[in-house]
Amino acid sequence: MCTVCGCGEGHVHSHDHDHDHDHDHDHHHDHDHPHGYDRDPHDHGHDHHHEHAEGGDLHYGKGPAGAHVPGLSQARMVKIEQDILGYNNRYADQNRAAFAEASILALNLVSSPGSGKTTLLCRTATDLKDRLPVAVIEGDQQTSFDADRIRSTGVPAIQVNTGKGCHLDAHMVGHALESLALPEQSVLFIENVGNLVCPAGFDLGEAAKVVILSVTEGEDKPLKYPDMFAAARLMILNKVDLLPHLSFDVERCVAFARKVNPNIELIKLSATSGEGLEDWYGWINARRQEQIKTRVAALEAQLAAARKGLEG
Amino acid sequence: MHEMSLTEGIIRVLEEQAASQGFAKVKTVWVEIGDLSTVDADSLAFCFEAIRNSSPVAAEARMEIVRLPGQAWCMDCAKPVKISQRYDSCPLCGGESLQMTGGDEMRIKELEVE
Numbered sequence: 001m002c003t004v005c006g007c008g009e010g011h012v013h014s015h016d017h018d019h020d021h022d023h024d025h026d027h028h029h030d031h032d033h034p035h036g037y038d039r040d041p042h043d044h045g046h047d048h049h050h051e052h053a054e055g056g057d058l059h060y061g062k063g064p065a066g067a068h069v070p071g072l073s074q075a076r077m078v079k080i081e082q083d084i085l086g087y088n089n090r091y092a093d094q095n096r097a098a099f100a101e102a103s104i105l106a107l108n109l110v111s112s113p114g115s116g117k118t119t120l121l122c123r124t125a126t127d128l129k130d131r132l133p134v135a136v137i138e139g140d141q142q143t144s145f146d147a148d149r150i151r152s153t154g155v156p157a158i159q160v161n162t163g164k165g166c167h168l169d170a171h172m173v174g175h176a177l178e179s180l181a182l183p184e185q186s187v188l189f190i191e192n193v194g195n196l197v198c199p200a201g202f203d204l205g206e207a208a209k210v211v212i213l214s215v216t217e218g219e220d221k222p223l224k225y226p227d228m229f230a231a232a233r234l235m236i237l238n239k240v241d242l243l244p245h246l247s248f249d250v251e252r253c254v255a256f257a258r259k260v261n262p263n264i265e266l267i268k269l270s271a272t273s274g275e276g277l278e279d280w281y282g283w284i285n286a287r288r289q290e291q292i293k294t295r296v297a298a299l300e301a302q303l304a305a306a307r308k309g310l311e312g
Numbered sequence: 001m002h003e004m005s006l007t008e009g010i011i012r013v014l015e016e017q018a019a020s021q022g023f024a025k026v027k028t029v030w031v032e033i034g035d036l037s038t039v040d041a042d043s044l045a046f047c048f049e050a051i052r053n054s055s056p057v058a059a060e061a062r063m064e065i066v067r068l069p070g071q072a073w074c075m076d077c078a079k080p081v082k083i084s085q086r087y088d089s090c091p092l093c094g095g096e097s098l099q100m101t102g103g104d105e106m107r108i109k110e111l112e113v114e
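The listed protein sequences derive, respectively, from chains F and W. Residues in the first sequence are numbered consecutively from 1, following this note's numbering. Residues in the second sequence are numbered consecutively from 1, following this note's numbering.
Derived by calculation from the structure, the hints in this document are not laboratory data. Treat the numbers as computed from the prediction; the structure is a model and nothing was measured. Mixed in with the good hints there might be a few duds.
Claimed, not checked - What follows is a set of in silico ranges between Cβ atoms, one per label pair, in the way DEER data are often shown:
{"hint": "1", "chain 1": "W", "residue 1": "SER89", "chain 2": "F", "residue 2": "GLY114", "range": "28 to 34 Å"}
{"hint": "2", "chain 1": "W", "residue 1": "SER89", "chain 2": "F", "residue 2": "ARG307", "range": "51 to 57 Å"}
{"hint": "3", "chain 1": "W", "residue 1": "PRO80", "chain 2": "F", "residue 2": "ARG307", "range": "45 to 51 Å"}
{"hint": "4", "chain 1": "F", "residue 1": "GLN141", "chain 2": "W", "residue 2": "ASP42", "range": "23 to 29 Å"}
Stated by the list, open to error - Calculated lysine-lysine pairs in the DSSO-like style (CA-CA distance at most 30 Å, straight line):
{"hint": "5", "chain 1": "F", "residue 1": "LYS129", "chain 2": "F", "residue 2": "LYS293"}
{"hint": "6", "chain 1": "F", "residue 1": "LYS224", "chain 2": "W", "residue 2": "LYS79"}
{"hint": "7", "chain 1": "F", "residue 1": "LYS268", "chain 2": "F", "residue 2": "LYS129"}
{"hint": "8", "chain 1": "W", "residue 1": "LYS27", "chain 2": "F", "residue 2": "LYS79"}
{"hint": "9", "chain 1": "F", "residue 1": "LYS164", "chain 2": "F", "residue 2": "LYS224"}
{"hint": "10", "chain 1": "W", "residue 1": "LYS79", "chain 2": "W", "residue 2": "LYS109"}
{"hint": "11", "chain 1": "F", "residue 1": "LYS224", "chain 2": "F", "residue 2": "LYS259"}
{"hint": "12", "chain 1": "F", "residue 1": "LYS259", "chain 2": "W", "residue 2": "LYS82"}
{"hint": "13", "chain 1": "F", "residue 1": "LYS79", "chain 2": "W", "residue 2": "LYS82"}
{"hint": "14", "chain 1": "W", "residue 1": "LYS79", "chain 2": "F", "residue 2": "LYS259"}
{"hint": "15", "chain 1": "W", "residue 1": "LYS82", "chain 2": "W", "residue 2": "LYS109"}
{"hint": "16", "chain 1": "F", "residue 1": "LYS268", "chain 2": "F", "residue 2": "LYS293"}
{"hint": "17", "chain 1": "F", "residue 1": "LYS224", "chain 2": "W", "residue 2": "LYS82"}
{"hint": "18", "chain 1": "F", "residue 1": "LYS224", "chain 2": "F", "residue 2": "LYS268"}
{"hint": "19", "chain 1": "W", "residue 1": "LYS109", "chain 2": "W", "residue 2": "LYS27"}
{"hint": "20", "chain 1": "F", "residue 1": "LYS308", "chain 2": "F", "residue 2": "LYS293"}
{"hint": "21", "chain 1": "W", "residue 1": "LYS109", "chain 2": "F", "residue 2": "LYS79"}
{"hint": "22", "chain 1": "W", "residue 1": "LYS109", "chain 2": "F", "residue 2": "LYS164"}
Glycine is no exception: its CB is placed at the ideal position from the N, C-alpha and C atoms.
When you get a sec, could you build the whole thing from the sequences and use the hints?
This is the structure we're talking about:
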């Protein structure tokens, strides 16, 4: 296969070298051979046009002039203005629409490894599962240890192994949703890969990112990883039962977080001692109410529009 | 290495554009990267060099990165100011009441194609 345009072996390369025109661009052939033509030993140190047979699906006649005039460069500019994360964002929008339709509150939990995310989630799942439908998507590079831990609480969980990836993306979450078959008005916790860098940039369609920082980590993490703290709506300060044994300055940490994100909300808790957990559950409940209210408003608008059809 | 998955995203966009706009290869791709975005511009350029050969459309493409400065609105000064970090104080009054207004862009702006 031709490595230049991907067309099949059968195509014709007619090497019409047009030396008599100017190219307004650099065209570096700094590799051994640019055409995947092993049997063609000569070196190209210059620009040239390829013309392919019909089967190769490459037609210079599709240039702006509608015809390929030898000697006239077909180069043109295409304005596209596309977000680099556009591909991810399209899937995220699909997820968000699916969540909205079923009034599902999705929370994207992000933190460093070892902040106690899974322990907090196990505790949360255990405490909330009788109050409302809960499910978990677990993201890790490898193993299903975390999903196993969640499942042992009796809450459905799906493990997504990212392999070499350092974050979950919206496409992976979309697939996980298919297999979870969540009931309406569920709360879905998405436990992202333990990483304070990349997950900040990837929208999964969640209602909010929740960043978990434990007091056994540095209080300056909000400044060291500002993107994540800027992207999060809520910061959970975990393991506060250990504060008496540490020199962690809570006020300083919160000030750092607010410097990066003045609107960030804060809950201090300990998944082990249970301190602060009711604040967390209250926060989840408030977000879930918001999600359901938005859905009710959308349905009412739809109903009003349908009723209009009965008038007159 | 999330720059690698971003780069794969860029190449996917180039391939989609090639199919929809009827061109065979990209010669130059201009990418706008804000100083406050979640991507390292040098690393992005490195990744692009490393994997562009995987795509016939992108194989010969050169990436031009346009850096965009971090910008914020200082509510105390009521003026736009430049910042280099999300947590910067206002360079004019030293205050903290800044709202970021730009610099987190990650956008494929324009292509030179043939």
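Outcome of the hint check:
no.	hint	result
1	W:SER89 - F:GLY114: 28 to 34 Å	holds, 32 Å
2	W:SER89 - F:ARG307: 51 to 57 Å	holds, 55 Å
3	W:PRO80 - F:ARG307: 45 to 51 Å	holds, 48 Å
4	F:GLN141 - W:ASP42: 23 to 29 Å	holds, 25 Å
5	F:LYS129 - F:LYS293	holds, 21 Å
6	F:LYS224 - W:LYS79	holds, 27 Å
7	F:LYS268 - F:LYS129	holds, 22 Å
8	W:LYS27 - F:LYS79	holds, 14 Å
9	F:LYS164 - F:LYS224	holds, 24 Å
10	W:LYS79 - W:LYS109	holds, 28 Å
11	F:LYS224 - F:LYS259	holds, 12 Å
12	F:LYS259 - W:LYS82	holds, 16 Å
13	F:LYS79 - W:LYS82	holds, 27 Å
14	W:LYS79 - F:LYS259	holds, 19 Å
15	W:LYS82 - W:LYS109	holds, 22 Å
16	F:LYS268 - F:LYS293	holds, 27 Å
17	F:LYS224 - W:LYS82	holds, 20 Å
18	F:LYS224 - F:LYS268	holds, 20 Å
19	W:LYS109 - W:LYS27	holds, 14 Å
20	F:LYS308 - F:LYS293	holds, 22 Å
21	W:LYS109 - F:LYS79	holds, 6 Å
22	W:LYS109 - F:LYS164	holds, 29 Å
Going through the hint list in order, the structure satisfies each hint without exception.
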